[in-house]
Every structure is written in C-alpha cells, then in structure tokens.
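Enquirer: Produce the entire structure from the sequences given, and follow the hints as far as they go.
Number of protein chains: 2
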Amino acid sequence: MNARGQPDPMQIAFDEARAAGARGEVPVGAVVVCGEKLLARAGNRTREDSDPTAHAEILAIREAARILGSERLIGCDLHVTLEPCAMCAAAISFARIRRLYFGAHDPKSGGVEHGGRFFDQPTCHHAPEVYGGFREREAAELLRDFFRERRDETG
Amino acid sequence: MNARGQPDPMQIAFDEARAAGARGEVPVGAVVVCGEKLLARAGNRTREDSDPTAHAEILAIREAARILGSERLIGCDLHVTLEPCAMCAAAISFARIRRLYFGAHDPKSGGVEHGGRFFDQPTCHHAPEVYGGFREREAAELLRDFFRERRDETG
Chain A
1 MNARGQPDPM QIAFDEARAA GARGEVPVGA VVVCGEKLLA RAGNRTREDS
51 DPTAHAEILA IREAARILGS ERLIGCDLHV TLEPCAMCAA AISFARIRRL
101 YFGAHDPKSG GVEHGGRFFD QPTCHHAPEV YGGFREREAA ELLRDFFRER
151 RDETG
Chain B
1 MNARGQPDPM QIAFDEARAA GARGEVPVGA VVVCGEKLLA RAGNRTREDS
51 DPTAHAEILA IREAARILGS ERLIGCDLHV TLEPCAMCAA AISFARIRRL
101 YFGAHDPKSG GVEHGGRFFD QPTCHHAPEV YGGFREREAA ELLRDFFRER
151 RDETG
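One line per chain: the protein sequences are A and B, in this order. For the first sequence, the residue numbers in this note's numbering are 1 to 155. For the second sequence, the residue numbers in this note's numbering are 1 to 155.
Some hints here could point you the wrong way.
[As the list claims (entries may be wrong)] Computed list of chain B residues with no C-beta within reach of chain A, every gap over 12 Å:
1) Glu71
2) Lys108
3) Phe147
[Unchecked claim] Covered by chain B, per the in silico footprint, the following chain A stretches (three or more residues, Cβ under 8 Å):
4) 53-62
5) 109-117
[To be verified] A partial selection of chain B residues facing chain A, derived with a Cβ cut-off under 7 Å:
6) Pro7
7) Pro9
8) Ile12
9) Asp51
10) His105
11) Ser109
12) Ala140
Hints were generated in silico from the structure; no laboratory data involved. Fair warning: this is a prediction, and the values are worked out from it, not measured in the lab. In this text, a Cβ means the ideal position worked out from N, Cα and C, and glycines have one as well.
Expert: What follows is the structure, encoded as structure tokens:
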C-alpha cells in the first residue's frame, strides 16, 4: 500500500509474476498505471497463448491501449519485475510510456541497459524516464528459483 | 507467381502494405511462409486496433503461431516490405523464424541493419538468415507517397 492506501503497482507486478510462474510461464509481471488509476496488469503468457510476443509488458500495454482507445498511452507509467527485452522496450517507446520502473536487471536478454539499449539509439523516437533495480534481489530470485525448479524437473 | 505457379510471398506482402495504406495505416505488409504453405498475412493495424504493437510482422507472427499452436515457428520464413524495427526484430528472433526477407532499408527506425542491430547483440539468442533490399525502390516509394499525401492533406 502507498501513503494513500492504494496498492503499490510494483507489488501487483510481482503478484502477476508469481501467478505466471505458477502457470509454468517465465515469472515476469507488468502493470500500466495512468495517474492514480491502474489500467492494466498482466503476466507472461507466451506458452499458454502460443504467442512469442505475449510478454507481460506487451499484454499490459495492449490492454491499456484497448481501454483508452488509443495506441498512445500519454502520461502512463509501466512497472515490470524484469528489465524489458528489446521487443518490449520498443513497444514501450511506441506507446509513449512516460516512466518505466523495472525490478531485476537482465544482462542475458535485457534491451534497456544491455544489448542494443533501445532508448539510447537514434532510431528511438520517444524514451521514457527509466528507474531500474526495484526489489532487485527478490525479482532476480523469483526467476532463479523458477529456472532451478525446471532444471530439477527435467533432470 | 513463382516457377510452381504459386504467388510470390513478397508480392502478397506488398498487397498487404497497399491495403494498410488504403486504411490510413503506415503501408507495411508481412507474410509468414512455412515450406510451400502461406501461413499468415497481415498489414499494419496500429490505428485501427488502437494497438502500438500491431505492426504487420507482429500480427503475421501471432497468427502463424496461433495456427501452429506453438510460440516457435520452426522452419518458417518471414517476408516484409520494410526493414523490421527493434520490436519486430526481437519478435522474429523469439519466434525462431528461419529466414527474414525485407524490402526497403529503414535508417530512421530499422532495428536489423540500423539502431541496436538486434540480431548482432549477445542478448539475441536466435538470429534468422537475413536478406534485405527486395524491390527496394518500390517499397521505399510506397512509404514516401503515403507520407507525402498525409503532409498534403494536413498541409
């Protein structure tokens, strides 16, 4: 809860990440907030939906855009438990997200502070303010535990 | 038509691009082919769908994955009239597309041979074979004409 008694968006993103993990998906969750209003929340669904683009960020952005009836989420912020990949970073830019808050850094597949660093490229025409490392240890452990369990299962 | 009397996938991508332009969308079209079979075809729908992720490539990949019931389009190729952006390049990688054929190069917003060059990054875990510059002049003119007409209209 924040000072106004409203749930913390990053907490909701973590809840979505855990729910995704329980469904057998890579545990990442995302939330789109506009002002005080939580517009959309989602966890990864690439397996369940047979959709390689169904990352948590993409699903939350698509739902928020559907609700607003606009491909641009002016003034909206995105909270996500993991550093977005290149696909999600570009989608965040296209959606004109104002502020991006993310949990764990992702040296293996991240696209914000790793790889092609999309927001730093001349081919990026809108960059959000970026705040990374929220609950970093918890976010990283969530992923590590998930992949360890899967390794144990597959032997 | 190709030697076996089947329609050329890039011609279908151009048809989709022109249809997108006629709907007021940026004229880009894409096709997913698996062996001899055309699995999915799409044009941009970001405005119509109020969806910043609804690029032609994303729509064609999502439809092909839905049809195959798998997030991985093993052995499938993608034909698109414009160099994919970073979002689409990453989606192409996640979908495990085998070969990417594109029309015009896109120095302003491309993510394959410009910007973060996603397929060349250590954060990219599958890169397709890439063949660019198909019907380059026609593909570039299609976009140039579209933006010129819009400037004249709003002028």
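Enquirer: So, for every hint listed, does it hold in this structure?
Expert: For each hint, the structure was consulted:
1. Glu71: violated, 4 Å
2. Lys108: violated, 7 Å
3. Phe147: Since the minimum Cβ distance to chain A is about 14 Å, Phe147/B lies beyond 12 Å and the statement holds.
4. 53-62: holds (count 5)
5. 109-117: Holds, because 7 residues of the region 109-117 of chain A bring their Cβ atoms closer than 8 Å to Cβ atoms of chain B.
6. Pro7: violated, 26 Å
7. Pro9: At 20 Å from the nearest chain A Cβ, Pro9/B fails the 7 Å test, so the hint is violated.
8. Ile12: violated, 21 Å
9. Asp51: With Cβ-Cβ at 5 Å, under 7 Å, it holds.
10. His105: violated, 12 Å
11. Ser109: holds, 5 Å
12. Ala140: violated, 17 Å
Of the numbered hints stated above, those contradicted by the structure are hints 1, 2, 6, 7, 8, 10 and 12, listed in ascending order.
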